[in-house]
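> Take a look at the letters that make up each chain.
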Amino acid sequence: MLPPLRHLLVALLAVPMLARPSSGQLPAPPVVAGSSFEFGAYGAITVTSPEHPEEVERPAISELVAALMAWGRISGRASYLVEVDMAKQTTATWTGRESDERLAPVRMYLEFAAADLLRVRAGRFLTPFGRWNEYHAEPLTWTPTRPLTTYRPFAKSLTGIMLAGEASPGGIETGYALFWSPFPAWNEAFQEAEESAFGQVLGGRIASEVHANLTLGLSLAVVQREVPEVESDQESEPGEVEDHGRPLVGADIAWSGANLDLSAESSFLPTGRGLPREAGIYLQGAFRLWSQVWAVGRAEYYEPVDGRPVRTGYAGLTIRESRHFVVKLGRQFSRHPSEKLPGGWFLSLSSLF
Amino acid sequence: MDPVCVVAHLPPGLDPGTVGLELVRRLFLARQGSWPDGTPAHPVNLPAASAIRDQFSREALGQGVRELAAYWNDRYFHGTRPPPTVASTEAMRLFLARTEGSVGYLPEADTRSLPEGVQRLFCLPGPS
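Just so you know, the protein sequences line up as chains A and B, in that order. Note that the working numbering has the first sequence beginning at 411, numbered continuously upward. Note that the working numbering has the second sequence beginning at 910, numbered continuously upward.
If we strip away everything but chain A, and leave its shape as in the complex, we get (with noise of 0.2 Å):
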């Protein structure tokens, strides 16, 4: 039998008490440097035993990332940060196939703070578009795989314009992205083989931190993208450029405390020329076992992949000693394990430094 309404509601209610109010992190967060040169790099190894119906592999090394940043001030209110990519062999591309980048610059921009509530970034900047795709480094995840919601329908990256801002209205830390890419060569010319990618987008993303430690999250852009080599028919050739718009939507939401870490996004793509449409949700949760170790969970739907419906979930244990040390180790269910979506153990090392 059901407590009453107003029990559950007290329990609800109660459960943010059980956590210390936190952080949370906003779209676009600006540069903020103390010097004119600042220095910083992460890399992350992941070794996987995949299986999938062909066969089950040998653990191989199936993640190699190494990445080198500068950020730095130029003047009281102008700041630059560059992210380049010095190797990088991974599987979360559109495809699932490998990308062998050995000089990729994932991030290059210009920002001009002109208020706190108005920065314009000019350049090539991670796309604002759901939570986890602004902190997809290795070290800052608490999986070793990543959710396919967070990277097929969009690119991770795009050339372009933005602007982004801060402010409290009310009490509610609130932040905002605004994004513009309308020139297909801008994205090509770094384009990242095998990746879902921009033609033109324009789009924003907004977040508030509605509780002292609870931040949803509207993604909104237009995009037409390239039609990738997968999942397209004869109306669309692989590698054009979608000649209509089609409107990308998202959400997400993140709940954390001291031993507790929600999170959840979910996005959704509508058909458009004989291109299928695409949907995903994960949830993912993180509980703190003892000290820096936690017990992980994440379930994802996600279609289409080979044109159908996915499941997939993970469960595993991360140790976040430090962002200089994080070791992740679980297991990857996959309802219909292939070549692109493996089921299998994963084991990853990453640090940021």
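One should not assume that every hint holds.
[Said to hold, decoys possible] On the chain A side, residues computed to face chain B include the following (Cβ under 10 Å):
1. Gly444
2. Gly482
3. Glu544
4. Ala661
5. Trp665
6. Arg733
[Said to hold, decoys possible] Not close to chain B: a few residues of chain A, all C-beta gaps over 12 Å, as computed:
7. Ala525
8. Leu550
9. Gly723
No lab work stands behind these hints, which were simulated from the structure alone. Predicted, not measured: the structure shown is a model, and the values here were computed from it. Built from N, CA and C at the ideal position, the CB exists for glycine as well.
Given the structure of chain A, go ahead and fit chain B onto it with the hints provided.
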């Protein structure tokens, strides 16, 4: 434990009444880089191991130093470090005195006599 008080060397002409806890929180979380009049703000911390800093962090920022680590790791990926640190409360007093636009925190007892140009804005209520 002594209450912790926010102290600052405000830009000339800036009304201290416009500087409240919410603004201080935004400055120390690097969500805002300037005072209401647009001049650059310079927040400064005590060392991470300092009990005073942890008390300030819990009462003003809503989380202790350790719990904010994930927030700063995420911001580091976007080119932001936490505010710089000074070694002691005496170093804090010196920094504030020499740096217009700076803001920091001290135990209440240390705010009864402050360097020229530095003023106590308000004291935090303490743990409930």
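> Compare the structure with each hint and give your call.
Structure-based check of all given hints:
no., hint, in the structure
1, Gly444, "6 Å, holds"
2, Gly482, "8 Å, holds"
3, Glu544, "8 Å, holds"
4, Ala661, "20 Å, violated"
5, Trp665, "13 Å, violated"
6, Arg733, "4 Å, holds"
7, Ala525, "7 Å, violated"
8, Leu550, "6 Å, violated"
9, Gly723, "24 Å, holds"
In the structure shown, a violation is registered for the earlier hints numbered 4, 5, 7 and 8, in ascending order.
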